[in-house]
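Participant: Residue strings, one per chain:
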Amino acid sequence: MIKRFAFDKFSALYLWALFMLYFGITKPHSFLTQTSFKLVVIENVFTGVLAIAFMVPLATGTYDLSVGALMSMSLVISAYLSKHHTMNPVLAMFVALGACGIAGFISGFFVVKLRVNSFIATLGMSQVITAFVLHTSSQSITSAFPQSYMDIGSKPIFGLPRFVYFMFILAIIVWFVFEHTPLGRYMFAVGGNPEAARLAGVRSDRMIWGSLVASGVIAGFAGTVYSWKIGNYATSIGPGYLFPAIAAVFFGASQLKGRANVWGAMIALYALAWGVKGLQLTFTSNTIWIEPLFQGVSLLAAVSLASRQGIIKVPRRKSPAPGLTDPEIVPAMAGDTGATVEIPDDQAGNAP
Amino acid sequence: MLRIEHLSKTFPGQVALADVGLEVAPGEVHALVGQNGSGKSTLIKVLAGYHQPDVGAGQAWVDGEPLTLGDGQAAAAAGIRFVHQDLGLVGSISAVENIALTTGYMTGRGGRIRWREEVKRTREALAGMGLSDVDVKAPVSALPPSQRTAVAIARALVGWENGAKLLVLDEPTATLPGNDVQRLFEVIHRLKQRGVSILYVSHHLDEVFELADRVTVLRDGQRAATVPVGELNHIGLVELIVGHHIESTTATAATGGGEPVLIVKGLHGGTLKGVDFDICPGEIVGVAGITGSGREHVLPLIAGQIPRDGGDVTLAGRQIANYQPRHAIDSGVAFVPAERGVRGTIGTMNVRENLSISDLGRHFVRGRLRRRAEVAETKHWIQRLSIKTASTESAIGSLSGGNQQKVMFGKALRLSPKLLLLDEPTQGIDIGAKDQIHRLIDEAAAEGMATLVASTDTDELVRLCHRVIVLTDGRIRATLVGDHIATKRIEHTQLESSRRAS
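The listed protein sequences correspond, in order, to chains A and B. Residue 80 in this note's numbering sits at position 80 of the first sequence, with consecutive numbering throughout. Quick note: to get this note's numbering, add 352 to the position in the second sequence (first position is 1).
Worth flagging that the hints you see were computed from the coordinates, not collected in a lab. Note that the coordinates shown come from a computational prediction; the quantities given were computed from them, not determined experimentally. Honestly, I wouldn't trust all of these hints.
Said to hold, decoys possible - Lysine to aspartate or glutamate pairs mimicking EDC-like chemistry, simulated, CA-CA at most 20 Å apart:
{"no.": "1", "chain 1": "B", "residue 1": "LYS770", "chain 2": "B", "residue 2": "ASP794"}
{"no.": "2", "chain 1": "A", "residue 1": "LYS257", "chain 2": "B", "residue 2": "GLU611"}
{"no.": "3", "chain 1": "A", "residue 1": "LYS257", "chain 2": "B", "residue 2": "GLU726"}
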């Protein structure tokens, strides 16, 4: 039971508490206010949604590096259609989400049918998508959406805009699918050992393909949230959220369960966000550098801690040929093939 | 030569080795045997420096010089070489490069690698083992398993002159076909003549009797005995290993009668060139053959692991689609693949998740996986198959090989299949667990499942099967029934037409 509250599995929560305490003491009047609370929550919704988008294919051992580009594609399509074609913005939104799903489907084609490594396939797709975005509009599109549309997502409930709740609903859905449905179990099985999963009757290819479509739509939804909150399109929006989202997912994967999980990512995301906020309030002048530094350092620290204990492994798609592992004289663990993130219990009974 | 005393190793919650000693005399082949969990892997891992011994527990000497246990570099410097069961080769590079990885490249002017000499060295090393036809420039993963083992041994032997004194062979024959085993034995004999000591870890007791001078038996982390092999017989050794008197068991189940449930016609694919057979309910049919005969492809072709090039597979009147494991399962096939770690277990998941992945639908009630029912079912199988695990939530990798395999059995049996496909069901598993698994197979057949077992272990086929199909060169060479199923006969038949190959 004590192990359940081990530092490594809850480092983000401890970190969060530390930030609250430290900045609460040093900056009580600016940090512990309703305004900063709201700001932190709202500003991180895009990252949160993108993190969920990234996590879905990651469960199947597949990277989707195009989520940032997809966010901007969703935004440019809905903004462009509703401004230049005076399309109903809600309809434009669905067109945009559909387009993102199709983009995910194309990535899936490369990964599943042509057996391209997902890292490379989605990196390539992200560039093609960026090209499409820039071709559609190389300038910003302002006041594209009517207030009535933006109200759908940003009308406040209990002081926070609706899209915050939408993100949590999305998180609950993904969490439920991951933890309480066969689908989620199949996805993690594919992520753990694609060949074993296939032989157990899991349609591994469909899982991977489907997860890329889902991540496309969810990443598109991040663009929708942006359209509700800001309402403007600019070329720079989207890709910048990729790293923080990935950082939250990997930091989060070291938390709680020891594999990619929704609440771990959410906790990691907000623990970091509060730290960033505190530092921004401490260094008031130039604060842009704080966020990347902070995210980079904490990601390295958290994942190092987890890797050292064998909790996280970099996903690989291919299983090694039988009998072939590291050149070291280290006997491989049984079942240790293409793992995303794994929790070994004790090393003890490892076929001694 | 090598002397270890008072070695203890404790893992959290488990004593792996307790006050163990081991002495290997110069020029001796010393066998190390014991069930999975007896501590022999741990002992090897401590010697290799992968595990540290408990603080202050364990001293060792090589030729009278103290050796620090748990230090891989010290062991290497003292002249101890290892060939592990998983061989430790890098699959994507060639035999030449694998050997150079450990020995260092021979370089010429300007750091240029002298490839021609590297190739020559590798060829000579392999030729010294009687293998002159290995493609030393091909990626090692493209080589047949027997050649891979040879490369790993060659790698350990290269630079032997430079002070290697003890060769540790950990389950070297686990994946080798019969004739390659003999070839390995010749190599071992040759090394022995050169005065090299060998520590030989194996589950195959026949090999112990054939090779070893003395044998050390570990049981529950303690040394049960060290005896000259000449003073033991087979049963005596088995009793030392399991720690109590055993009665030998043989297949007794009667052949199931009636209509065949599985009909295979003209099966092509892999190395198979047209194979026909059928199985009745309750019947256990074995597939024998040396590696390359097609033995290793029969079950994968039926289960959809690899694609068929032709042929029909019909189970209870229903065609099983080609290369679709899902369809095979839905038709009533349950498959326990060979190479458990690669195709069977999902290392990221626990015992429960590994077991229930074969059918989650039964626990998916009103839109939700019912965790409690799933745990209850898992406990049922843990009990029924006597799986040794701390809990349903233990990582699958924390179980011993035999217990992992039992989980794989549970995963298959819970489907209540019409056809049970078992590919190398007891590969690398200790005798105790092996016997339990054999009983499970008997029981499954008694319940009316048709069972097809492919195995390189001929004794296993003799023990289990009502009928044995012997394959050579992709075709059925013979079908042995009843009293004709005997180890010698199977081994003789499977080598009949492959003499020219070897």
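Participant: Please flag the earlier hints that this structure goes against, numbers listed from lowest up.
Facilitator: Number 2 only.
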